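K.L.:
Read in this note's numbering, the sequence shown has 144 at position 144, and its numbers run on one by one without any break.
FYI, nobody ran anything at the bench for these hints, they're computed from the structure. Just so it is clear, the structure is predicted and the values come from calculations on it, not from any experiment.
Think about it this way: if two alpha-carbon atoms lie no more than 25 Å apart in a straight line, the pair counts; the simulated DSS-like pairs of lysine-lysine are:
#, residue 1, residue 2
1, Lys39, Lys7
2, Lys232, Lys190
3, Lys197, Lys140
4, Lys190, Lys124
5, Lys232, Lys140
6, Lys124, Lys140
7, Lys140, Lys190
8, Lys197, Lys124
9, Lys232, Lys124
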Amino acid sequence: NIVDELKRSQAPDLVGICLKERKVVDLSNQAILISRYGKEYDIDSSASPILSGSGGLLGAVLVFRDVTRLRRLARQMAYDASHDVLTGLVNRREFERRVERALISAKQRDATHTLCYLDLDQFKIVNDTVGHMAGDELLKQVAHLLSGIFRQRDTFARLGGDEFGLLLENCPLDQAVVIANDVISRLREKLFTWEGKSFQINVSIGMVPISALTQSSAQALSQADVACYTAKDLGRGRIHIYHL
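Sequences are here, hints too, so could you generate the full structure?
P.N.:
Structure representation (structure tokens):
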């Protein structure tokens with residue numbers, strides 16, 4: 001049984017096509033062969049006609065090549081290229097790509113999204129007091145704590161250092177404020193402990209809407225960054241919205 005890797009639909013009959021068209025036929029989509037015992041193999045497959053000396057059609061040869069290991073490595077490389085090694089979150093490059101995609105949908109479908117920039121307020125204190133291993137552990141705990149509270153369509157990313165990005169798709173600003181306040185509350189309730197020392201965690205959040213009026217994804221990211229640092233300047237542990 002051979003199915004398409006993504007759609008899981010039945011693959012086309014290569015032998016039937018090969019015999020009809022009298023030429024070599026390859027599966028254009030990535031295919032999976034499911035054995036009679038249910039085990040799955042990533043395969044490349046092709047069918048070639050067998051012709052007699054006079055050009056008559058004698059049959060066809062169907063060839064499968066097991067590429068399970070190669071595709072597994074390719075998927076891992078693609079994942080590594082778009083995700084942060086420490087936290088497992090989407091990385092800056094992939095986040096910027098998704099912001100660009102959100103902007104396109106805003107202009108084409110008049111959709112409204114909200115972009116948030118998050119910066120941990122006590123991260124430097126943790127690093128300076130108990131070391132960088134503790135700082136790394138804090139980042140992993142923050143990623144784990146927050147990544148489960150957003151919708152599947154949203155993107156939570158680590159942008160670098162103690163900075164995170166949040167793209168709330170098809171989310172108006174007032175609803176985004178509610179979500180951001182929930183983020184602040186959850187982190188404020190968390191006490192990070194390392195080697196007997198405890199730290200209360202706060203986060204400053206800058207927000208900017210992405211709409212048809214947004215000029216570019218770079219502009220939106222810059223505005224969210226400015227709003228985040230304004231929130232820190234105004235006292236930390238709060239939200240600031242960038243107003244055009």
